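**Student:** Spelled out from the first residue to the last, the chains are:
Protein chains: 2
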Amino acid sequence: MTDIVDWVAVDWGTSNLRAWGIAADGAVTFSRNSPKGMGKLTREDYPAALSELLDGVTGTRAGSIDVLVCGMAGARQGWLEAPYLEAPTDLRHLLAGAVQPAMPNTRFAVSILPGVCQKNGADNVMRGEETQLLGLAALRPGYTGVVCMPGTHSKWAQLSGTHIDHFATAMTGELFEILSTHSVLRHSLNGPLDGPARAEGFVAGAEAGLARPQDLLGQLFQVRAGSLLSGRAPDWCAGFLSGLLIGTEIGSNRHLIGAEPVPLIGSAALCALYADVLAKTGATGIPVDATDVVLAGLKAARSAIA
Amino acid sequence: MTDIVDWVAVDWGTSNLRAWGIAADGAVTFSRNSPKGMGKLTREDYPAALSELLDGVTGTRAGSIDVLVCGMAGARQGWLEAPYLEAPTDLRHLLAGAVQPAMPNTRFAVSILPGVCQKNGADNVMRGEETQLLGLAALRPGYTGVVCMPGTHSKWAQLSGTHIDHFATAMTGELFEILSTHSVLRHSLNGPLDGPARAEGFVAGAEAGLARPQDLLGQLFQVRAGSLLSGRAPDWCAGFLSGLLIGTEIGSNRHLIGAEPVPLIGSAALCALYADVLAKTGATGIPVDATDVVLAGLKAARSAIA
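Same order as they appear, the protein sequences are chains A and B. Mapping the first sequence onto the numbering used here, position 165 (from 1) lands on 165, and the numbers just tick up by one. Mapping the second sequence onto the numbering used here, position 130 (from 1) lands on 436, and the numbers just tick up by one.
So here's chain A without its partners, still in its complex pose:
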C-alpha cells in the first residue's frame, strides 16, 4: 500500500464513503473508508470529509489529483447534483455527464458521475448502481441479460454490453425493515431471529412468494397468523417474512430471466439468499463482488475519455 496515486476512485453512498488510490497501471494502491455518508453530511461538509479521508495522498504527476466519485454525493440532497442520464443509454457516457464541485484548494480535482433515470410512465432512478453495471460490463464484456442487485432498494437492470435498456426498483429490503420494526408483524419477530427455524421459515416464505407474487398483501399477514395459530417462533417468522419478500420480488421479475445465469451484485449474505430462491425457479444466480464492480466501473467510466 502506498499513498502515491495516479488518481482516486470514490464510492460515496448514503451510509459510507470509500476511496481507493489507483496507480497508472490500474492497480489499487490504498483503500480507505469513512462513515461520512451522505446521510450524515450537509452540503458544506463534503470538501472537508474528502480532504480528511485523502490526507497524505500524493499524485504521481504535477498538478491536481483527479478524484472520480459515484453515488449519492451527486444527488440533489448531496454535494452537487449530477443530473441523471436517461435510460435507455450507453453507460460509457457517464463521465460526459459528470459535474465538478468546488474545492477550497487545487489539490484535488473532483468529478461526480450522474445516476440514471427512466421516464415515460416507468419513472425510476438509480445512483451508484449505474457505475456497478458499467463495471460488470467491463468485467464480463458483452454480457446481455438481466442483472439483479439485491438491497434496501433492489434493482433489476437489463443490460446489453455497456448499454442499459430498462430497469426497475423493488423496495424489498426497506419493506422487511419497516414491517419488522413498525407493523403488527413485529410482535411475531420479538425474540432471537437467528435460530435454527429461520432457514425453514425462509424456504416456506420463498415458495409462497414465488407461487403467488400477486398476493403479497395477503401473504404478509400469514406471519402473524403463523405465530398466533401454529406457535411459529420469532426465527421462523423472520425467515418467512424475508423469504416471502424475496420470493415475491423474484417471482414478479421471472419473465426477465433468460437462459444465462443472473449476475447478483450486493452483500454476500443477501446474494446467497437470492441465489437460493433463483435456484427454486430453475435459474442460476452468480454472486459478483460489489467492490470489484464499483472499482471496475469507476475505472471504465474514467477510461471513456482518457
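Read the hints as simulated data drawn from the structure, not as lab findings. All figures in this text were calculated on a predicted structure; none of them were measured in a lab. Ideal placement from N, C-alpha and C gives every residue a C-beta, glycine not left out. Careful, some of the hints might be misleading.
As the list claims (entries may be wrong) - Cβ pair distances, simulated, as ranges:
id, chain 1, residue 1, chain 2, residue 2, range
1, B, 450, A, 76, 20 to 26 angstroms
2, B, 536, A, 268, 32 to 38 angstroms
3, A, 166, B, 575, 34 to 40 angstroms
4, B, 483, A, 15, 21 to 27 angstroms
5, A, 56, B, 345, 53 to 59 angstroms
6, B, 348, A, 81, 51 to 57 angstroms
7, A, 165, B, 448, 52 to 58 angstroms
8, A, 191, B, 469, 34 to 40 angstroms
What the hints assert, rightly or not - Computed footprint of chain A on chain B; a stretch qualifies when at least three of its residues, placed anywhere within it, have a C-beta under 8 angstroms from a C-beta of chain A:
id, segment
9, 429 to 440
10, 477 to 483
11, 487 to 494
12, 525 to 532
13, 553 to 567
What the hints assert, rightly or not - From the derived model, a few chain B residues whose C-beta atoms are all more than 12 angstroms from chain A:
id, residue
14, 310
15, 342
16, 395
17, 474
18, 510
19, 594
Following the hints, complete the assembly by docking chain B onto the known chain A.
**Tutor:** Positioned in the frame of chain A, the structure of chain B alone reads:
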C-alpha cells in the same frame, strides 16, 4: 333514549369501546362510546371500563343484565381469551363459543364472542369481523359470495348465508400507514396531502395496481421516482400510494368476485374508494354501514340460543 334495557351489545375493539342498550323488541335504547379500547387497557382494567361506560343502566327484569361483547376484548392479550372457531364454520355457533369473564359484582353477566381462525396452510385470524359477517347474513338473508371489509387489515370473506367458507387478510391500511411514515416514500408525502391532485394520483395508482398486482414491490418506488423526476406533489403521491395499494388488493382478489355486487363493510370514506376501484374492474361495491352490521350480528348471535 333510555337507560332501561333488556340487554347490552358491546363492540370492544383495539381503539374504542362502544355499547348499545337493546330493548326486548330489539330497538336500540342508547348508544355510548369510550376511547378505552384494548390497546389502552391491561387485563385488570376491563371490568371498571365497562362498569363506567354502563353507569346508570337498568335492566327490565330482575337479576343481572346480559352484556354480549365482540372484538378484541376476546383476544389473548385482551380481557379473557375466547378461543377461535375454525373456518369453515357456521357463524350461528358464535355464542356457543363465548367465554364469561369475572366481574366484581353480579350487575352485569358478560359473554365475549370468539373470533374465527383458518388453518391448514392458509393460517388466518379475524376477531370482530365474524360478528359483522353474521350481521350481514341477518340483514341480507341467503347472500352468497365474497364480502370485502376494507381497513387496517382488510378481510375478504366468502359467505354462504351464515356459513363462512374461507377468508383472507390484506395488510393494506397498515402498509399505507408505515410506508407514509417510516419509508423513503415519506419524503414524497411531506406536505399537504388532501390537495386537488390526490384524486388524479389515486386513479393512476389504482390502475397500476389493478394492471399488475404481482408487481407491488416494484410499483411502490414509483411514488418516489414520480416526485423526483416528474415533480409530483405530495397530494398526488399520497393518492397514488393509496390507489396502488387498494388496486393491488382488489386486483389480487378479483377471482373471488362473482356476478353479485360486493358488500363493502368499513368506514364510509374507505368504502367509497374501494367502490371506485371495483367499478374499474366492472364489478359493483355496495357500502354497508359498519355499525348496522355489528349490531345486527350481536343480535343474531344472541338469538341463536334465545
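**Student:** Each of the hints needs a verdict: does it hold here or not?
**Tutor:** A quick look at each hint next to the structure:
1. B:450 to A:76: 20 to 26 angstroms: violated (55 angstroms)
2. B:536 to A:268: 32 to 38 angstroms: Check passed, 36 angstroms falls within 32 to 38 angstroms.
3. A:166 to B:575: 34 to 40 angstroms: holds (38 angstroms)
4. B:483 to A:15: 21 to 27 angstroms: Holds - the Cβ-Cβ distance for residue 483 of chain B and residue 15 of chain A, about 26 angstroms, lies within 21 to 27 angstroms.
5. A:56 to B:345: 53 to 59 angstroms: About 58 angstroms separates the Cβ atoms of residue 56 of chain A and residue 345 of chain B, which means 53 to 59 angstroms holds.
6. B:348 to A:81: 51 to 57 angstroms: Given about 53 angstroms between the Cβ atoms, the range holds.
7. A:165 to B:448: 52 to 58 angstroms: The hinted range 52 to 58 angstroms holds for residue 165 of chain A and residue 448 of chain B, with Cβ atoms some 55 angstroms apart.
8. A:191 to B:469: 34 to 40 angstroms: holds (38 angstroms)
9. 429 to 440: holds (count 3)
10. 477 to 483: holds (count 4)
11. 487 to 494: holds (count 4)
12. 525 to 532: holds (count 6)
13. 553 to 567: The restraint on the segment 553 to 567 of chain B holds, since 5 of its residues have a Cβ under 8 angstroms from chain A and three suffice.
14. 310: holds (40 angstroms)
15. 342: holds (20 angstroms)
16. 395: Consistent with the label, residue 395 of chain B stays out of reach of chain A, its closest Cβ about 15 angstroms off (over 12 angstroms).
17. 474: Given a closest Cβ separation of 5 angstroms, the condition is violated.
18. 510: violated (10 angstroms)
19. 594: Non-interface label on residue 594 of chain B holds, nearest chain A Cβ at 22 angstroms vs cutoff 12 angstroms.
Hint violations for this structure: numbers 1, 17 and 18, all remaining hints satisfied.
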